[in-house]
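If you read the sequences in order, they're chains A and B.
Residue numbering for the first sequence follows this note's numbering, beginning at 1 and increasing consecutively.
Residue numbering for the second sequence follows this note's numbering, beginning at 214 and increasing consecutively.
What the hints contain is simulated information worked out from the structure, not anything from laboratory work.
Relax, there's no trap hidden among the hints.
What follows is a list of derived Cβ distance ranges for each label pair:
hint: 1; chain 1: B; residue 1: Glu302; chain 2: A; residue 2: Glu104; range: 51 to 59 Å
hint: 2; chain 1: B; residue 1: Asn259; chain 2: A; residue 2: Val125; range: 47 to 55 Å
hint: 3; chain 1: B; residue 1: Thr407; chain 2: A; residue 2: Lys106; range: 28 to 36 Å
hint: 4; chain 1: A; residue 1: Ala51; chain 2: B; residue 2: Asp342; range: 43 to 51 Å
hint: 5; chain 1: A; residue 1: Ala116; chain 2: B; residue 2: Asn218; range: 49 to 57 Å
hint: 6; chain 1: A; residue 1: Glu104; chain 2: B; residue 2: Thr377; range: 29 to 37 Å
hint: 7; chain 1: B; residue 1: Asn420; chain 2: A; residue 2: Lys106; range: 31 to 39 Å
hint: 8; chain 1: B; residue 1: Glu262; chain 2: A; residue 2: Ala105; range: 40 to 48 Å
hint: 9; chain 1: A; residue 1: Lys106; chain 2: B; residue 2: Glu348; range: 54 to 62 Å
hint: 10; chain 1: A; residue 1: Pro16; chain 2: B; residue 2: Arg265; range: 24 to 32 Å
Looking from chain B toward chain A, a few residues come up when the C-beta cut is under 7 Å (computed):
hint: 11; residue: Glu386
hint: 12; residue: Thr387
hint: 13; residue: Trp398
hint: 14; residue: Ile412
hint: 15; residue: Gly413
hint: 16; residue: Ile415
hint: 17; residue: Ala418
The C-beta atom is built at its ideal place from N, Cα and C for all residues, glycine as well.
Number of protein chains: 2
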Amino acid sequence: MSHENVTDVYFDFLCPYAWRGLELAATLRAQGESFRLRHYSLVEGNHAENARELSWRLTGQQLGEGSANQQGSLQAFLAAHAAARQGEEALWAFTLALYRAVHEAKRPLAAETIRAAASEAGLDVARLDADLADEAALRAELRADLDAAREVGVFGTPTFVLPTGEAAYYRFETLTRDPGTARAWWELYRTVLTSEAEIGTIKRARNRPPRRA
Amino acid sequence: MSHENVTDVYFDFLCPYAWRGLELAATLRAQGESFRLRHYSLVEGNHAENARELSWRLTGQQLGEGSANQQGSLQAFLAAHAAARQGEEALWAFTLALYRAVHEAKRPLAAETIRAAASEAGLDVARLDADLADEAALRAELRADLDAAREVGVFGTPTFVLPTGEAAYYRFETLTRDPGTARAWWELYRTVLTSEAEIGTIKRARNRPPRRA
Chain A
1 MSHENVTDVY FDFLCPYAWR GLELAATLRA QGESFRLRHY SLVEGNHAEN
51 ARELSWRLTG QQLGEGSANQ QGSLQAFLAA HAAARQGEEA LWAFTLALYR
101 AVHEAKRPLA AETIRAAASE AGLDVARLDA DLADEAALRA ELRADLDAAR
151 EVGVFGTPTF VLPTGEAAYY RFETLTRDPG TARAWWELYR TVLTSEAEIG
201 TIKRARNRPP RRA
Chain B
214 MSHENVTDVY FDFLCPYAWR GLELAATLRA QGESFRLRHY SLVEGNHAEN
264 ARELSWRLTG QQLGEGSANQ QGSLQAFLAA HAAARQGEEA LWAFTLALYR
314 AVHEAKRPLA AETIRAAASE AGLDVARLDA DLADEAALRA ELRADLDAAR
364 EVGVFGTPTF VLPTGEAAYY RFETLTRDPG TARAWWELYR TVLTSEAEIG
414 TIKRARNRPP RRA
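Model the full assembly from the supplied sequences, consistent with the hints where possible.
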């Protein structure tokens, strides 16, 4: 297998938990862990028409149609697939720049923000525009990710799929880019997933105590 | 506070995950951990009439009315509150005996199984019957548990509420009564709940890989 040591991370640019998950992955990547960026669409996953079976596909929608979330996420996903043509490092740089623009700088997930992120990430923007014109191929790549997510049973982001097959949604509130902290939080998640207890869920009760100071 | 070192464990006799959680708690209790047994009703919690606000109460239903799950869980909860009048050890013995009868020996959660569990747990069954006649008081005690669960935001069982206030549903597949294993699984849960990451959820993707051999 070519991906035997690679963890897949499924994300949607709309999701602030996925942002923190991606920052965690990026921090671990700098320590030699391998992650593959993969897309899951919250708009498609939560769409009322898909309650029984998949009938409404994000990849079948026109750019500029639907809700702001639908438009923004489709544009961002296609731009990420175009960015990947400039290499894996370019894809990571673009992905992080766009997440930070949306979830840290609170800019809208829309065309202008996407272009600015590409520029900030050091991409060749003219090449990005040219690659974006190959829209049918980018949509097919996105569809492959979304279908792979369905196969795994992803229901939210971030979801990590370990090389050994264990897969779970990992939602946490605190952002870290500290190498030791990131390592500890990742090992904790891996320990839960690989425990002989076969843990299916740890989910906090709805009424949480006040956040610690 | 009188319960400063006590973990509340919310459970419903209907739930096999709560059974494994209670066995875990019982194993830890033998090591000196303190747990308080508290009731949460899945039938009430999942009742369609309660989607917006609490309007249908298990404690307002007649014995012998409703689904088998409704009847069985109400009877079992009231019997547990009656068993508690014979002391905390009697309550634990009854609770475990009933769980094992239902989820290990696969007997129905119904009057005959409940009486047999009381007998097997060494309770004074004549006294239990007498205490069961004080039904209004038992229902009030049950209501207090169910209302406390609502206050915490319990949505499934088992849910543990740590002395420090953190509370979460803990669902796992494997039964253990091994002291060291129970300790490890409990410490893992506590570590997740008290992590500075402020983990809200770790939940496995829907399509799990085959169980390990």
